[in-house]
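Enquirer: Residues per chain, in single letters:
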Amino acid sequence: RKEVEQDPGPFNVPEGATVAFNCTYSNSASQSFFWYRQDCRKEPKLLMSVYSSGNEDGRFTAQLNRASQYISLLIRDSKLSDSATYLCVVREYGNKLVFGAGTILRVKS
Amino acid sequence: DGGITQSPKYLFRKEGQNVTLSCEQNLNHDAMYWYRQDPGQGLRLIYYSQIVNDFQKGDIAEGYSVSREKKESFPLTVTSAQKNPTAFYLCASSIGGGRTYNEQFFGPGTRLTVL
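Taken in order, these protein sequences are the chains called A and B.
When the letters of the first sequence are read in order and numbered with our numbering, they come out as residues 2 to 110.
When the letters of the second sequence are read in order and numbered with our numbering, they come out as residues 0 to 114.
None of these hints come from the bench; they were simulated from the model.
It is possible that part of the hints are untrue.
[Claimed, not checked] DSS-like cross-link-like pairs, simulated, lysine-lysine; straight-line CA separation at most 30 Å:
#	chain 1	residue 1	chain 2	residue 2
1	B	K56	A	K97
2	A	K109	B	K70
3	A	K46	A	K3
Work out the full structure: start from the sequences and follow the hints.
Expert: Written out as structure tokens, the structure reads:
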């Protein structure tokens, strides 16, 4: 079983749509959770951290369910520029990060 | 301009040759990391260094070597012992590498192809 699992997609959505990605992790002792964005053939960049109470950053909302070991990312009013791969990332201890394989999002006009 | 640079962007090598990938940062970060990314897989940690002259193996260190003689530099050597070296290599750095989390910032990556 992979430590961090994501649906690889691709998710093909029209502009303006709402889309949700899910992620599960296997280590119940994991300490922190993040969503990173990676554009094609570029480096990953931190999109947002994920907090237990849920958090929002503009059109992006992240949720964490520790009991189910489940993380989600919701994108509202999708833009063409949102097209990218979204990586679910879990911090196990210290600075050790475990990356999911990513979910591909394609937003079309 | 502060940041992390990796060179070259694309690298081609013949099978059996060692190759060294460069990573330099001017962020004054103590910790540096090397990851490998393959299609359909998440980033996997090769080596990391929390301080100058010290480094530890990550999850997939076999066939790789590193050095950390200067704070700014963390070169990665892909040796001929690495069975499948073709991949996208990413270097990252963070303020510290201890028990508390510090955001890791990534360089632009080097795409290595072994022919």
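Enquirer: Hint by hint, note whether the structure agrees.
Expert: How the hints compare with the structure:
Of the supplied pair hints, the one linking K56/B and K97/A holds, its CA atoms being roughly 12 Å apart against a limit of 30 Å. Between K109/A and K70/B the alpha-carbon distance is near 44 Å, which puts this suggested pair outside the 30 Å criterion. Only pairs whose Cα atoms come within 30 Å are accepted, and K46/A paired with K3/A is accepted, the gap being roughly 22 Å.
Taken one by one, the earlier hints fail for this structure only at number 2.
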